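**Student:** Hey, can you work out the whole structure from these sequences and the hints?
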Amino acid sequence: MDVATIDCGLHARFWSFNGATGGVARQLVLMTDGGGEAEAGGQRLAIAAPALLWLGDMKPGRLRLEAGATGLRAQIGDDTLVDAIGDEAQSVALRYLVDRDFTLSLAGHPEALGLIERCLSAVIAERQQPREASALLLSALLRIVLVSMLRVSGGRESLPGVGERMSLLQRFRQLVEMNFRNHWPVARYATALGVSADRLHAICTDGVGKSPKALVSERLAREAMLRLERSSLTIQQLGHSLGFSDPAHFSSFFRKMTGTPPGRYRRAVIDARTDRPALHAPSFAEWP
Numbered sequence: 008m009d010v011a012t013i014d015c016g017l018h019a020r021f022w023s024f025n026g027a028t029g030g031v032a033r034q035l036v037l038m039t040d041g042g043g044e045a046e047a048g049g050q051r052l053a054i055a056a057p058a059l060l061w062l063g064d065m066k067p068g069r070l071r072l073e074a075g076a077t078g079l080r081a082q083i084g085d086d087t088l089v090d091a092i093g094d095e096a097q098s099v100a101l102r103y104l105v106d107r108d109f110t111l112s113l114a115g116h117p118e119a120l121g122l123i124e125r126c127l128s129a130v131i132a133e134r135q136q137p138r139e140a141s142a143l144l145l146s147a148l149l150r151i152v153l154v155s156m157l158r159v160s161g162g163r164e165s166l167p168g169v170g171e172r173m174s175l176l177q178r179f180r181q182l183v184e185m186n187f188r189n190h191w192p193v194a195r196y197a198t199a200l201g202v203s204a205d206r207l208h209a210i211c212t213d214g215v216g217k218s219p220k221a222l223v224s225e226r227l228a229r230e231a232m233l234r235l236e237r238s239s240l241t242i243q244q245l246g247h248s249l250g251f252s253d254p255a256h257f258s259s260f261f262r263k264m265t266g267t268p269p270g271r272y273r274r275a276v277i278d279a280r281t282d283r284p285a286l287h288a289p290s291f292a293e294w295p
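In terms of my numbering, the sequence shown opens at residue 8 and continues consecutively.
Everything labelled a hint here was simulated from the structure, so no lab data went into it.
Quick caveat, the model's predicted, so the values are computed rather than measured.
Using N, Cα and C, we set each Cβ at its ideal position, and we do this for glycine too.
Keep in mind that a hint or two might mislead.
Said to hold, decoys possible - Across the chosen pairs, the derived CB separations fall in these ranges:
1) Glu236 with Gly216: 21 to 29 Å
2) Gln136 with Leu17: 30 to 38 Å
3) Ala53 with Val154: 44 to 52 Å
4) Ser259 with Arg69: 25 to 33 Å
5) Ser259 with Arg237: 20 to 28 Å
6) Ala27 with Lys263: 46 to 54 Å
7) Asp14 with Leu233: 32 to 40 Å
8) Lys66 with Gly270: 31 to 39 Å
9) Val154 with Ala114: 14 to 22 Å
10) Ala55 with Gly93: 45 to 53 Å
11) Thr212 with Pro137: 42 to 50 Å
12) Gly48 with Gly250: 24 to 32 Å
13) Gly266 with Ser218: 28 to 36 Å
**Tutor:** Structure below.
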């Protein structure tokens, strides 16, 4: 996560992002004075201070700021974002936000404006002089920013694209987040949602092109990957923490989902993180 100040200038300024030659990241712009416009993914988003601009689909684009505009601009990578969001049930609303492009007016929200500004400034200070547990601090600061965004937005329902089917899909996602370690069958998710298993299947396949079972399995596999990378638990202990009573069953599941046994995956991460095997699991954007 990198943050830079936007100082007052005499002329309009332009920044390009997520180009073919550079890294890809989500963009955040906090406008404290002035205004501007972002172009990304075939759409234009205007921003006028005090406001926040979030570009979450990671498509190439350009940001233009008017003369005299001031604020802060951040580029946020996946690692910090995943840590900031966490895996609690309450994280679902944050996941809904982060892969979309939107603006939030902060007029009438001076406390949120001040809090977000202080957090982004703290990121600059930490990056200039990193200390112990720096990554943990950065993710904590980002979480405060994300929660502030969520509160100002009034929750995920205030953003576009939420209909009955979308709402059911979001509720299913929240249930998955709460229960994927318990290995609920699809029928139990459907019952909890008050729909038939066939209707849940249709909602998922129409909405994201995958069955409910596939989505649950991918969430479980993604969690297994993260724990293999970051936990010192043995493979047996790790599998048990994810609801697998039989280590062989866990190994078989992980290999089916990733093409790599869990032990080999962990060794590859240790040996060379840049060469680790990749799981073809959905990004946050694949869920509504």
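**Student:** All the hints need checking, so say for each whether the structure fits it.
**Tutor:** A quick look at each hint next to the structure:
1. Judged by the Cβ atoms, the range 21 to 29 Å given for Glu236 and Gly216 holds: they are separated by roughly 27 Å.
2. Taken as a hint, the range 30 to 38 Å holds for the pair Gln136 and Leu17, whose Cβ atoms sit roughly 31 Å apart.
3. For the hinted restraint 44 to 52 Å between Ala53 and Val154, the CB-CB distance of approximately 25 Å leaves it violated.
4. Between Ser259 and Arg69 the Cβ separation comes to about 47 Å, which falls outside the hinted range of 25 to 33 Å.
5. At roughly 23 Å, the beta carbons of Ser259 and Arg237 sit within the given window of 20 to 28 Å.
6. Taking 46 to 54 Å as the suggested C-beta distance range, the pair Ala27 and Lys263 does not conform, at roughly 34 Å.
7. For Asp14 paired with Leu233, a C-beta distance near 38 Å keeps the hint of 32 to 40 Å intact.
8. Lys66 and Gly270 have their C-beta atoms about 37 Å apart, which keeps the hinted 31 to 39 Å range intact.
9. The beta-carbon spacing between Val154 and Ala114, approximately 19 Å, falls within the hinted interval of 14 to 22 Å.
10. Between Ala55 and Gly93 the beta carbons are some 32 Å apart, a value that contradicts the proposed interval 45 to 53 Å.
11. Restraint check, Thr212 to Pro137: a C-beta distance of roughly 45 Å satisfies the suggested window 42 to 50 Å.
12. The beta-carbon spacing between Gly48 and Gly250, approximately 38 Å, falls outside the hinted interval of 24 to 32 Å.
13. In this structure the hint that Gly266 and Ser218 lie 28 to 36 Å apart at CB is violated, the actual value being about 20 Å.
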